[in-house]
Amino acid sequence: EVLLQQSGAELVRPGSSVKISCKASGYTFTDYYMHWVKQRPEQGLVWIGRINPANGNTVYAEKFKSKATLTADKSSNTAYMQLSSLTSEDTATYFCTNWEYWGQGVMVTVSS
Amino acid sequence: DVVLTQTPPTLSATIGQSVSISCRSSQSLLHSNGNTYLNWLLQRPGQPPQLLIYLVSRLESGVPNRFSGSGSGTDFTLKISGVEAEDLGVYYCVQSTHAPYTFGAGTKLELK
Chain A
2 EVLLQQSGAE LVRPGSSVKI SCKASGYTFT DYYMHWVKQR PEQGLVWIGR
52 INPANGNTVY AEKFKSKATL TADKSSNTAY MQLSSLTSED TATYFCTNWE
102 YWGQGVMVTV SS
Chain B
7 DVVLTQTPPT LSATIGQSVS ISCRSSQSLL HSNGNTYLNW LLQRPGQPPQ
57 LLIYLVSRLE SGVPNRFSGS GSGTDFTLKI SGVEAEDLGV YYCVQSTHAP
107 YTFGAGTKLE LK
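Those protein sequences? They're chains A and B, same order as listed. Residue numbering for the first sequence follows the numbering used here, beginning at 2 and increasing consecutively. Residue numbering for the second sequence follows the numbering used here, beginning at 7 and increasing consecutively.
Just chain B, with the same shape it has in the complex (with noise of 0.2 angstroms):
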């Protein structure tokens, strides 16, 4: 199974701060088809988890232009270019390009 590594496990930041995740996976995501299928998720407390990137760069729809994706093959990351009081939570990447489907363990971002 393809393991995703995320770190760090917990982020502290002030309003208006920028912040990176960072997931590295055990293998590479390219699909034969050409497609890398690795998303980001944020779980607000109490909540169901929201997709916010998917195909690696791709900003899903209504969500702000705060949020960015980059990176390619086994590393990739999310930045958030400054972080407001709605974005806290908890953070996964998710690859689906490899089945069994597997999810990093989360990054918690919380305020300073």
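In isolation and in its complexed conformation, chain A is listed as follows (with noise of 0.2 angstroms):
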């Protein structure tokens, strides 16, 4: 069975970073890319970037070039995405994806 685990919710503050996961199993890790998308609060889907695990090359959207790093550890089949200088705007849950199975998302919260 496919599965990607997240990592649980956060409630970071403003100006901060945070770091989510998403653990692969059911299938080779390395055979395709990880996809992260963001979604706020009773709003849609937006595309972050993806990383092929196989050598970490990436690509993100523009306006998330900023502000998201993606990795992939090969040896414990995690994809990571990293979030730097948080804002109210971040606020939203994230998605992984290899477009045919999703993590369950992660709520992050920036607040004071």
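Source of the hints: derived by calculation from the structure; they are not laboratory data. A quick note: this is a predicted structure, and the numbers were derived from the prediction, not measured. Treat the hints with care, as some may be off.
To be verified - Now the in silico label distances, taken between C-beta atoms and shown as ranges:
id: 1; chain 1: B; residue 1: Ser-24; chain 2: A; residue 2: Ala-10; range: 37 to 43 angstroms
id: 2; chain 1: B; residue 1: Thr-16; chain 2: A; residue 2: Tyr-28; range: 34 to 40 angstroms
id: 3; chain 1: B; residue 1: Thr-20; chain 2: A; residue 2: Ser-67; range: 47 to 53 angstroms
id: 4; chain 1: A; residue 1: Glu-90; chain 2: B; residue 2: Gly-88; range: 39 to 45 angstroms
Glycine is no exception: its CB is placed at the ideal position from the N, C-alpha and C atoms.
Both chains come to you apart, so use the hints to assemble them.
Here is the structure:
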């Protein structure tokens, strides 16, 4: 069974950073790109970027190039996304997906 | 960036009714490799999105065959032949032909 298990909800302070994880199981981690998607409360889906876990190559949407950093650890089949300089605009649920399967999402709340 | 225009934004249906959702792209989604990377997703309330249709018309494993996708180039359609209660939620089209990948704004399917 394919599973993308994401880390738990985060409450973070404005100006700080947060790193969330996505552990893949049930398939060969390096065979598929991992994408990250943002969904603000009651809003639609926005593509952040993707990483090739086989070689670490990344592609970002322009608006996230200075906000998000994607990495992947082949030894643990885990993808990571770090979000920096957090503001209230970053309060959202963040999903990892290989397009066929989706993680359950991580709710990140930015509040003082 | 590719803009995907989904219509209608809201759809009211009775159980058993057949409905269609349109997704129009601002440019052709035909990739140079001959594939058209247009998927359809369903997001039920409080859940991550799930893949219904990939490559325009291919039914994801485990998805009921009342769902079907069609189209080419810039015009695509998702059809549900006989809505069931479990089909309620928000439907999104998403393209992964041209980076940055983009989603339609969503179509909310409600019970009439």
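Taking the hints in turn, this is what the structure says about them:
1. Checked against the given bound of 37 to 43 angstroms, the beta carbons of Ser-24 of chain B and Ala-10 of chain A, roughly 39 angstroms apart, stay inside it.
2. Judged by the Cβ atoms, the range 34 to 40 angstroms given for Thr-16 of chain B and Tyr-28 of chain A holds: they are separated by roughly 36 angstroms.
3. Restraint check, Thr-20 of chain B to Ser-67 of chain A: a C-beta distance of roughly 48 angstroms satisfies the suggested window 47 to 53 angstroms.
4. Range check, Glu-90 of chain A to Gly-88 of chain B: about 41 angstroms between beta-carbon atoms, so the 39 to 45 angstroms window is met.
Violated hints: none; the structure is consistent with every hint.
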